[in-house]
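Visitor: Listed below are the residues making up each chain.
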Amino acid sequence: MKDNRGLSLVELLVGLALSSIVLVAIGYLLITGLRLSGRNNAHVEVQNEAQTTMNLIIDNIMESRGICAVNSAAGADTQCILLGDLLIEASGGAYDVYFSGDAVVTDIHTLGADGQPLGEMYLVAFPNQDFPEDGGKPGYCKLLGGVSVGGTDEAVKKGTVAQSAWTLIRDYVTGLSQAQRIQWLLARYITGCTITVDDFDISGVTGDYYKETTYYWNGDTEDTYYYEEPMTLQISIDLEYDYGNGTVTRNLTDSVALRNRLNQVYVGDGSAMYEYKLKK
Amino acid sequence: MKLTRPFIKPEKLNSGMTLIEILVVVAILSIMVGVAGVSISLLSSRDAESCAKDINTTLEAARMRTLSQEGNHNFVMDTANGECEITPDGDGEDVPSRVTVSFSSEGTYDLSAHTVIEIAFDKSTGRVSRVTADSVPIDINNVNLIRIHAVSDNGKRATVMLVTATGKHYVEYG
Numbered sequence: 000m001k002d003n004r005g006l007s008l009v010e011l012l013v014g015l016a017l018s019s020i021v022l023v024a025i026g027y028l029l030i031t032g033l034r035l036s037g038r039n040n041a042h043v044e045v046q047n048e049a050q051t052t053m054n055l056i057i058d059n060i061m062e063s064r065g066i067c068a069v070n071s072a073a074g075a076d077t078q079c080i081l082l083g084d085l086l087i088e089a090s091g092g093a094y095d096v097y098f099s100g101d102a103v104v105t106d107i108h109t110l111g112a113d114g115q116p117l118g119e120m121y122l123v124a125f126p127n128q129d130f131p132e133d134g135g136k137p138g139y140c141k142l143l144g145g146v147s148v149g150g151t152d153e154a155v156k157k158g159t160v161a162q163s164a165w166t167l168i169r170d171y172v173t174g175l176s177q178a179q180r181i182q183w184l185l186a187r188y189i190t191g192c193t194i195t196v197d198d199f200d201i202s203g204v205t206g207d208y209y210k211e212t213t214y215y216w217n218g219d220t221e222d223t224y225y226y227e228e229p230m231t232l233q234i235s236i237d238l239e240y241d242y243g244n245g246t247v248t249r250n251l252t253d254s255v256a257l258r259n260r261l262n263q264v265y266v267g268d269g270s271a272m273y274e275y276k277l278k279k
Numbered sequence: 000m001k002l003t004r005p006f007i008k009p010e011k012l013n014s015g016m017t018l019i020e021i022l023v024v025v026a027i028l029s030i031m032v033g034v035a036g037v038s039i040s041l042l043s044s045r046d047a048e049s050c051a052k053d054i055n056t057t058l059e060a061a062r063m064r065t066l067s068q069e070g071n072h073n074f075v076m077d078t079a080n081g082e083c084e085i086t087p088d089g090d091g092e093d094v095p096s097r098v099t100v101s102f103s104s105e106g107t108y109d110l111s112a113h114t115v116i117e118i119a120f121d122k123s124t125g126r127v128s129r130v131t132a133d134s135v136p137i138d139i140n141n142v143n144l145i146r147i148h149a150v151s152d153n154g155k156r157a158t159v160m161l162v163t164a165t166g167k168h169y170v171e172y173g
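Protein chains in written order, with numbering that gives the first Met the number 0: chain A, 0 to 279; chain B, 0 to 173.
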């Protein structure tokens, strides 16, 4: 006689219950592992992004022979910093502006195609850009020609011109479409970027930056702005990366001292920009 | 006459599965797992996305090694052989046979006709310092953006973008 009895219902149910418990446990382990690896990848990605960006910016700042920036301590996010030779030359009562160097531009607010802020940072090399101004000099890009500004103080007038050049470059980059800007892409996932000039306090007399007024015999006065070496910049970059199961945020802050002899220093305090001279 | 008692089975049957049965089940299960694993790996390796990711990872490794280690660590992409590697280190990835890789570029020089490009990075900044296409050096000022397209047989595509001025690179899907 052959035994044809199979498993009883109870046995089957117990077996199913046991196997489902085991399967759930395995699935849980798998999902946890995947999630963990996703998060770790995101951390590595963001750290890499922040580190390489910071290295490139610091390298640029240390090499640069001139600087034009708006101090973030006084204003909002720094959207632009010009590193290199910003020549402002007087010609017949007006000014011509030439630039050779790199511009670091951050665009946090413009919305991309997906409706989310772009959060991108660009590094634009001059003189490789096509600006409509003619009559440039070799190795330089002519940004502006024949700019006339009112006032008497040379430092204030040149500073005002520098600010127009700064605004021009910033608006030039942020005015282009995302596809056009990609050729300068330096970093993505940026939610904030500030560049602060250390101990920048133009109204204070004891700071590293101060104003001196010269009185002439005919009653005229002229303001000159000075800075003391070394000029130190504090750079802070915020990144946020969405990896699907959450977001990773990262802040990288570093300070860098400019050791080169700077040819031009233009620093704005949010409302105006001045030309600074080295106090010897 | 001697009555032979018919064989009566014991009330309770304690015999389990035989060894043969267990072996057969295990064999079938392992075959199923094997087939599933192979098909999953085939599916994913066919994907243009994972191919572009591999290329991007190799590019990142070449850049990071150039920044942190001594000597040259150049990225070489050979579309004819379907492989990308870091020279002279020799590490790299093979492009799956179902994915086709091609180049294009932004700027005055067009890279799309070339089959092999070699990219070198700057040791201090990580920018692209040198591009060689089919053994011919290309002026870096004429190439703003290098695209490495991976297109799979089923039409899926992903692109590795490399910005030469900054050395920044990433994968764009779709």
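Just so you know, not all the hints are guaranteed correct.
A short list of chain A residues far from chain B (calculated; beta carbon distances all over 12 Å) [to be verified]:
| # | residue |
| --- | --- |
| 1 | Leu-11 |
| 2 | Val-43 |
| 3 | Glu-48 |
| 4 | Asp-58 |
| 5 | Met-120 |
| 6 | Pro-131 |
| 7 | Gly-149 |
| 8 | Val-155 |
| 9 | Thr-166 |
| 10 | Arg-187 |
| 11 | Gly-191 |
| 12 | Asp-198 |
| 13 | Lys-278 |
Simulated DEER-style distance windows between Cβ atoms [to be verified]:
| # | chain 1 | residue 1 | chain 2 | residue 2 | range |
| --- | --- | --- | --- | --- | --- |
| 14 | A | Asn-259 | B | Arg-129 | 25 to 33 Å |
| 15 | B | Asp-109 | A | Gly-134 | 48 to 56 Å |
| 16 | A | Gly-149 | B | Ser-111 | 33 to 41 Å |
| 17 | A | Gly-91 | B | Thr-107 | 20 to 28 Å |
| 18 | B | Thr-107 | A | Gly-134 | 21 to 29 Å |
What the hints contain is simulated information worked out from the structure, not anything from laboratory work.
The model shown is predicted, which means the values in this text are computed figures rather than measured ones.
Even for Gly, the Cβ is constructed at its ideal location relative to N, Cα and C.
Visitor: It remains to establish, for every hint, whether it holds in the given structure.
Guide: Results of checking the hints against the structure:
Consistency note on Leu-11 of chain A: stated as away from chain B, and its beta-carbon is indeed over 12 Å from all of that chain's, at 15 Å minimum. With a least beta-carbon separation of about 10 Å from chain B, Val-43 of chain A fails to lie farther than 12 Å from that chain, contradicting its non-interface assignment. Distance to chain B contradicts Glu-48 of chain A as a non-interface residue, since its nearest Cβ pair spans about 9 Å, not more than 12 Å. Chain B draws Asp-58 of chain A into its interface by the beta-carbon criterion, the shortest separation being 5 Å against a cut-off of 12 Å.
With a minimum CB-CB distance of about 9 Å to chain B, Met-120 of chain A fails to clear the 12 Å threshold, and the non-interface call is violated. Listed as outside the interface, Pro-131 of chain A is consistent with that label: its C-beta sits roughly 19 Å from the nearest C-beta of chain B, beyond the 12 Å cut-off. Annotated as non-interface, Gly-149 of chain A keeps its C-beta farther than 12 Å from every C-beta of chain B; the closest such distance is 38 Å. The Cβ of Val-155 of chain A lies farther than 12 Å from every Cβ of chain B, with a closest approach of about 34 Å, so its non-interface assignment holds.
Distance check for Thr-166 of chain A against chain B: the nearest CB is about 22 Å away, which clears 12 Å, and the non-interface claim stands. The Cβ of Arg-187 of chain A does not lie farther than 12 Å from every Cβ of chain B; its closest approach is about 7 Å, which violates its non-interface assignment. The claim that Gly-191 of chain A is not at the interface with chain B holds, since no C-beta of that chain comes within 12 Å of its own (minimum 19 Å). At roughly 28 Å from the closest C-beta of chain B, the C-beta of Asp-198 of chain A stays outside 12 Å, upholding its exclusion from the interface.
Separation of Lys-278 of chain A from chain B is adequate, the least Cβ-Cβ distance of about 31 Å exceeding the 12 Å criterion. Distance hint check for Asn-259 of chain A and Arg-129 of chain B: the Cβ-Cβ separation is about 27 Å, which falls inside the suggested range of 25 to 33 Å. Taking 48 to 56 Å as the suggested C-beta distance range, the pair Asp-109 of chain B and Gly-134 of chain A does not conform, at roughly 32 Å. The supplied range of 33 to 41 Å is broken by Gly-149 of chain A and Ser-111 of chain B, whose beta-carbon atoms lie about 53 Å from each other.
At roughly 36 Å, the beta carbons of Gly-91 of chain A and Thr-107 of chain B sit outside the given window of 20 to 28 Å. The hinted range of 21 to 29 Å is satisfied by Thr-107 of chain B and Gly-134 of chain A, whose Cβ atoms lie roughly 23 Å apart.
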